[in-house]
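Visitor: Below are the chains, spelled out letter by letter.
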Amino acid sequence: MSGFGEISRRRFLGRLMWALALGAPWRAALARTRVKTPDPLAWKLVGTFHNRHGARIVGLDYLRSAPEEANVNRLVDLICSFRAGWRQELQYADGQQLRKLLLLQQQQDFEHGRVIVLHGWIFSETEVRLCGLTALSQAPTLR
Amino acid sequence: MFIDARQLPEETSVETAVCIIGAGAAGITVAREFIGRSFQVGALDYDEATQTLCDGENAGRPYSLIGSRMRYFGGSTNHWGGQCRPLDEIDFEERDWVPHSGWPFGRSHLDPFYERAHSICQLGAFVYDAAAYEARIDSRAAFIGRRVVTKIFRYTSTLFGQVYRDEIRRSRNITTYLFANVVEIETDESGRTATRVRVACLQGNKFWLSAKLFILATGGIENPRLLLLSNKVHRAGLGNQYDLVGRFFMEHACFKSGILALTQPTVLEALYATNQEPGDHHGVMFRRCMSLSGDTLRRHRLANYCAWLSHLGMLSDGGPAHIKGFAQYLKELKAVSLYRLVNYAEQAPNPDSRVTLGSGVDALGRNKVRLNWRMTPKDKENARRVQSVIGQEIGRVGLGRLMLELSADDDPDWSPDLWGCYHHMGTTHMHVDPRKGVVDENSRVHGLVNLFIAGSSVFPTSGFANPTLTIVALALRLADHIKRLMT
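Those protein sequence lines, which keep their order, are chains A and B.
If you read the first sequence in the working numbering, its first letter stands for residue 2, the second for the next number, and so on.
If you read the second sequence in the working numbering, its first letter stands for residue 345, the second for the next number, and so on.
Hints were generated in silico from the structure; no laboratory data involved.
Where hints are given, some of them may not hold.
[Stated by the list, open to error] Computed, partial: chain B to chain A, Cβ under 10 Å:
| no. | residue |
| --- | --- |
| 1 | ILE410 |
| 2 | LYS600 |
| 3 | GLY602 |
| 4 | GLY663 |
| 5 | ILE667 |
| 6 | PHE670 |
| 7 | GLN731 |
| 8 | VAL733 |
| 9 | ILE738 |
| 10 | ARG740 |
| 11 | VAL741 |
[What the hints assert, rightly or not] Computed spacing ranges between beta-carbons, pair by pair:
| no. | chain 1 | residue 1 | chain 2 | residue 2 | range |
| --- | --- | --- | --- | --- | --- |
| 12 | A | ASP95 | B | SER660 | 30 to 36 Å |
| 13 | B | LYS780 | A | ASP78 | 50 to 56 Å |
| 14 | B | ASP777 | A | LEU104 | 50 to 56 Å |
| 15 | A | SER66 | B | PRO760 | 23 to 29 Å |
In this text, all values refer to a predicted model and were calculated from it rather than measured experimentally.
Ideal Cβ positions, reconstructed from N, Cα and C, are used throughout, including at glycine.
Using the sequences and the hints given, assemble the complete structure.
Guide: As structure tokens, this is what we get:
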């Protein structure tokens with residue numbers, strides 16, 4: 002059993018390693034991830050990645066540049082602010098639909114210049130926030 | 345007829361109606377337009393033996409003054425790649441984000457001349473509509489027509505000095521003096537009328553050529569040099585009353601920078617690989633390039649630009665060290681191949697990028713040229729912003745991601761790998777206002793009634809297109825103007 006609210010020993014040690022590696026500001030940021038009532042949508046969003054290792058690297062880089070977003074619920078809120086009713090659309094979508102919706106959101110980001118440059122790479126805001134969520138969690142992949 | 349100027353007696357005085365100085369693409373085009381006319385034409389050209397006279401001093405970015413020019417009949421078309429396309433409509437516009445931009449006329453005014461130039465350059469039909477080339481690759485159309493567009497270059501193997509040599513040699517009203525180096529343009533005492541040119545041969549003899557009209561067509565570096573050297577009456581040189589001669593030297597900035605990680609490499613590689621493709625339906629080699637639409641350039645306030653793709657390798661092989669951190673994520677996106685952008689960018693006119701006279705002298709006793717080609721941080725910022733738009737469009741259509749390699753700082757030496765394409769432009773640029781340009785809208789040097797300039801030195805801006813087609817179009821336009829003046 003694991004999740005944003007309950008953290009297994011293995012996950013806790015993993016996060017501890019990150020925290021030590023990232024320094025004091027990050028310890029505070031990661032502490033915020035251990036919220037008692039994490040947004041359940043975070044699970045679904047993170048699960049859209051097949052291979053979360055690469056996403057975590059991007060996510061960590063992003064959260065380093067935007068520490069004010071290093072919070073699960075904050076990231077989910079930002080992703081859902083895409084347009085009115087978007088949260089509901091994401092919540093009720095199945096895995097395949099969810100990927101399509103997020104792809105659409107990323108396309109719109111690129112269309113409207115909502116991009117983030119990390120080490121030169123041009124990413125959409127949505128995708129780096131999804132990566133950021135992945136960095137803050139270890140949810141199982143959606144099937 | 346051709347005359348070996350070395351055989352002319354010392355201090356001979358030759359008279360003609362129109363004197364053309366230089367026989368490259370511009371000079372030859374103008375001369376051909378005068379064949380069979382009622383007036384006599386004297387054309388002055390160098391020969392290979394005088395190539396060393398191209399040498400000079402370099403004060404700016406690395407540049408070969410000898411290697412970038414050919415000093416014999418045909419000029420630089422003797423060793424060109426033949427890559428042609430007209431300037432875009434936006435290139436002629438005054439853009440407040442590109443200082444000193446704006447031509448006295450628009451693209452539509454030049455179109456009839458472009459069509460004639462196309463025939464002279466032997467480029468087939470005047471077709472640059474990418475859609476005509478995309479019909480057989482409809483699956484790639486998703487990428488085309490939004491912010492990023494496909495533009496076309498066409499190719500010719502026409503060497504002006506070979507193709508048009510006999511035609512000019514046979515003409516009865518054109519006399520071409522070979523091995524003839526113009527060292528000075530003389531004016532009357534008022535300095536308003538050019539009267540004759542001083543011509544010198546490396547072997548020692550000198551002579552004069554008088555004319556009613558003079559057309560200077562010696563290229564973007566020699567044109568300003570000759571104006572600056574002609575300083576007996578105007579101490580600053582001809583047309584230089586506002587210190588503009590030689591300024592605004594522009595090149596097409598070429599550099600390899602920016603990495604694309606592509607999910608469907610065959611799509612973009614087929615479109616934008618660096619190789620030419622044989623035989624479109626006009627039988628002319630062509631090549632596509634990736635560029636931005638005019639609307640996008642205006643909306644984002646960008647200078648013009650195009651790019652090709654150079655294959656770097658497969659993502660599974662790792663690629664350059666600096667992408668390794670994100671390679672796993674790129675694989676998650678299903679990217680498979682890596683490409684580097686080969687960029688071809690418009691340089692914004694820069695008054696500090698200039699040709700002046702150096703301190704050393706050449707074999708004819710004239711000051712050598714001193715080139716100070718300078719790019720600015722703004723040019724770099726432009727390139728980075730253009731690539732950013734391309735990166736957004738690549739992401740939008742799901743073809744992958746783009747990595748910017750140009751840093752966001754304002755380092756004026758922004759890319760050590762940047763090189764020029766040997767396109768010398770802007771040094772006697774055109775503007776109706778003599779305080780803003782060296783020549784007027786008819787290519788006449790401001791302040792002189794009978795001295796005209798042909799060639800890319802009159803370009804106010806450069807776009808990204810190779811200059812020869814525009815040089816020929818402008819030469820045709822100038823020739824028409826001269827014909828009207830001579831009747």
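Visitor: Identify whether the interface hint at GLN731(B) stands, where standing means a beta carbon of chain A within less than 10 Å of its own.
Guide: Holds - the Cβ of GLN731(B) comes within 10 Å of chain A, reaching about 8 Å at its closest.
Visitor: Take the shortest C-beta to C-beta distance between ILE738(B) and chain A; is it under 10 Å?
Guide: 8 Å, holds
Visitor: Are GLY663(B) and chain A close enough, Cβ to Cβ, to be under 10 Å, as the hint says?
Guide: 12 Å, violated
Visitor: Is it true that LYS780(B) and ASP78(A) lie within 50 to 56 Å of each other by Cβ?
Guide: 54 Å, holds
Visitor: Against chain A, with CB atoms and a cut of 10 Å, does the hint on VAL741(B) hold up?
Guide: For VAL741(B), the interface hint holds, since the closest Cβ of chain A sits about 8 Å away, which is under 10 Å.
Visitor: With a cut-off of 10 Å on the beta carbons, see whether LYS600(B) makes it to chain A.
Guide: 14 Å, violated
Visitor: Using the Cβ atoms, figure out if ASP95(A) sits within 30 to 36 Å of SER660(B).
Guide: 31 Å, holds
Visitor: Is the hint on ILE410(B) kept, meaning its closest Cβ partner in chain A is under 10 Å away?
Guide: Given a least distance of 38 Å, the restraint on ILE410(B) is violated.
Visitor: Does the nearest C-beta of chain A fall within a distance shorter than 10 Å of the C-beta of ARG740(B)?
Guide: ARG740(B) check passes; min Cβ-Cβ to chain A is 4 Å, inside 10 Å.
Visitor: Was the hint right that ILE667(B) lines chain A, CB cutoff 10 Å?
Guide: 8 Å, holds
Visitor: Taking 10 Å as the limit, does the beta-carbon of VAL733(B) come near enough to a beta-carbon in chain A?
Guide: Holds. Min distance 9 Å.
Visitor: Between ASP777(B) and LEU104(A), is the Cβ distance one that fits in 50 to 56 Å?
Guide: 53 Å, holds
Hint check: violations occur at hints 1, 2, 4; the rest are consistent with the structure.
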